[in-house]
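**Q** Sequence:
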Amino acid sequence: MRRFPDPDPGNPDHRSPTSYLLWLAAYQRNALFAGALYGIVHVVAQALVPAAVGKAIDTGIIARDQRALLLWGGAVVVLGVVQATAGILRDRAALTTRLGASYRTAQHIARQAARLGAALPKRVAKGEIVNAGVVDIGRLGDALAETARGSGAIVAIAVVAAILLHTSWQLGLVVLLGVPLMVGVVSLLLRPLHRRQQRLREQQAELTGRAVDIVSGLRVLRGIGGEEVFADRYRADSQRVRAAGVAVARVEALLDGAKVLLPGLLTTVVVWLGAHYVATGRMGAGQLVAFYGYAVFLVDPLRRLTNAAGRLTQGHVAARRITAFLALRPEFAPSAVAPAPYQGPAPLTDPASGLTVAPGRFTAVACASPADAATLAARLGRYTDSAVTLGDTPLADLPPDEIRRRILVGDNDDRLFAGPLREELRGRGSDAEVGGRGRDVALDGRGCGVGLVGRGSDAALERAVDAACARDIVEALPDGLDDLVEESGRNFSGGQQQRLRLVRALMADPEVLILIEPTSAVDAHTEARIAHGVGELRAGRTTLVFTTSPVVLDRADHVVYVQGAKAVAQGSHGDLLTDVRYRSVVAREETE
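Residue numbers 61 to 652, in this note's numbering, belong to the letters of the sequence shown in order.
Label-pair ranges, simulated between beta-carbon atoms: (1) Ala-519 / Arg-641: 41 to 49 Å; (2) Pro-430 / Arg-475: 14 to 22 Å; (3) Ala-291 / Pro-181: 20 to 28 Å; (4) Asp-583 / Asp-474: 18 to 26 Å; (5) Thr-78 / Val-138: 37 to 45 Å; (6) Asp-457 / Thr-416: 14 to 22 Å; (7) Arg-641 / Pro-181: 31 to 39 Å.
The hints are simulated quantities; they were obtained by calculation from the structure and are not laboratory data.
If you're wondering where the values come from, they're calculated on a predicted model, not measured in any experiment.
By construction, the Cβ of each residue, glycine as well, lies at the ideal position given by its N, Cα and C atoms.
The task is simple: from the sequences and hints, build the whole structure.
**A** See the structure below:
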C-alpha cells in the first residue's frame, strides 16, 4: 500500500489552511472528480424533469396525443432512474472522500505526535489533541465531501437559468440576478460565523483539556478534597463554552433561515411572473407547470450551495488548527549522521552534572530535589537536548530509533494501554519482531550477563513478573496474563500499575535501563524483593535508578548523590551515610 506522505509546513503550499485543504484534496482527486461528476449528472437529470413534465402536459394531455404522453412520461421515468443511480454513486464517492480525508489527517496527527515525542505535552494541551483527532478530522472530511453536492448545485443553477433564458429571457434574468444576490447575503453571515466557530473551537479544546486533567487526577483530587473546587472551575468553563456555542447558533439560525427565506422569495417571484405570462397568453399551461417545477427545484441546489459554504467554513477552521499543530517542531533536530558500529556496552556520561553511569552495573542516584531526577533522566534518555555521551559517541549524533533501542527511561507517568495483559507487558515482542536484535545466549564475549534470554518468550515474561514482584497481581486476575487491561490500567491500583510498568520495562531489555522511583508506591517488604529481583535479572546490564529509598540504595553497586543538579558525592550506600547531606535525604525514609 502506498504510504500517504506527510505535509511539509515549511512548504508555502502546505502552510495555510486553504492550501492544506487543496493539498489534501489533491490526494482525493479521483473520488472528488467522481463525486462531482455523479453530482452533476444527478442534478441535471433532476433539473430536466420539470421540462419533461411540461412537455407531457402541453403535447400529451392538452393536445390529446397519447403517443407524445407516453414518450414524455417515459422520459420522466428514465430521468428518475438516472437521477437515483447518479445520486447513489455520488454519495458513495462523497463518503470515500470524507473517510479518506479524515483518516489521512488522523495519520498526520499521529505521526506528528510521535515525531514531537516528549515535547508534545509541553507544546500542546491534551484537549487540543483530542479535539483535533475527533472533531477537526471529521469537519475536514465533511468539507471535502461537500464538494460533490456543491459542484452539482452550481451546475444545476446554470442549467435551469439557461432553460429559463431560452423560454423567457425575463424569467431567466430574474434567476441570474437572484442567485448572486442570495449568495452575497449568505456570505455576509459566513464571516461572523467563521470568527465565532474559531472562538468556540478554542474554548472547546480548553474545556476538553480540563476534563482530561480532572479525570486523570481524580484520585489525587479526592485525596486532597479538591473535587468541588475543580468541579466549580469546570462548571464555569463549560458555561463559557455554552455561551460561545449559543453565539454560533445565533448566526447558524440566521443562516438556516436565509436558506429557506431567500429561495422561497425567488420561487415566489418566478411563479408569479410565470402565471402572469400564462394569463396574457405568452406561455402555455405546461410551461407554467415546468416553471413552477424549476422554481421549487431551485430551492434544493441553493440550500446545498449554502450548506457547502458552511461546511467549508468549518473545514477552514479545522484546517487552521491542524496546520498549526503540524507546524510544530521537536525541541531538537534528530541526527542525520549514520551511527557507528555497535561496540558493546559503554558508559553513559552527562558532563553538565558530572554523572557517569558505568556499563554493566546497578547504579542508584539519590537527588536532593525530585526535579533534578526528572531533569537528569530526560537528558540521559535524550528527551531534551544535552551533551550526554554513550561511550565516545554523543547522543546528539545517534538517530532517535537507535537511542530508543539502547536506552529506556521509565517513570511513574508511563501509561498502561488497553488490551491483553500478556501483550501489554511483552512490549516490542519476540526477538524476531525486533529485527533479530534479541538475546539468545546468557553471556557476552567478556563473560558478562546480557539480560533476559529469549526476550519476548513466556519464560522471559514469567521471570520479569517475578523480578518486579507482580506474581500476586497476575494470580488475582481471572484469566491471569490473558486478562484484559482497561484503559490507562484503571482496573489496577497505583502500586499494581507501578509494578506492571516495571515488568514491561524489564521485558524491553534495553542496553541501559533508567528508572525513576520505581518502588515509591509499594511497601518496604515488596520494595526489598523488587530491588533484589531487578538486580539479579539485570546482572551484567546497565541499570540506573533514581531513588531515595534506602532499600534500593543499599542494593545498588554504586550510589551517586546529586544536589543542585550536580553529582557531589559517590560510593556505596554505607559509605555515603557518613555524608550529612546524603543522610538528610535518605534518613527520612529510614525513620518511617
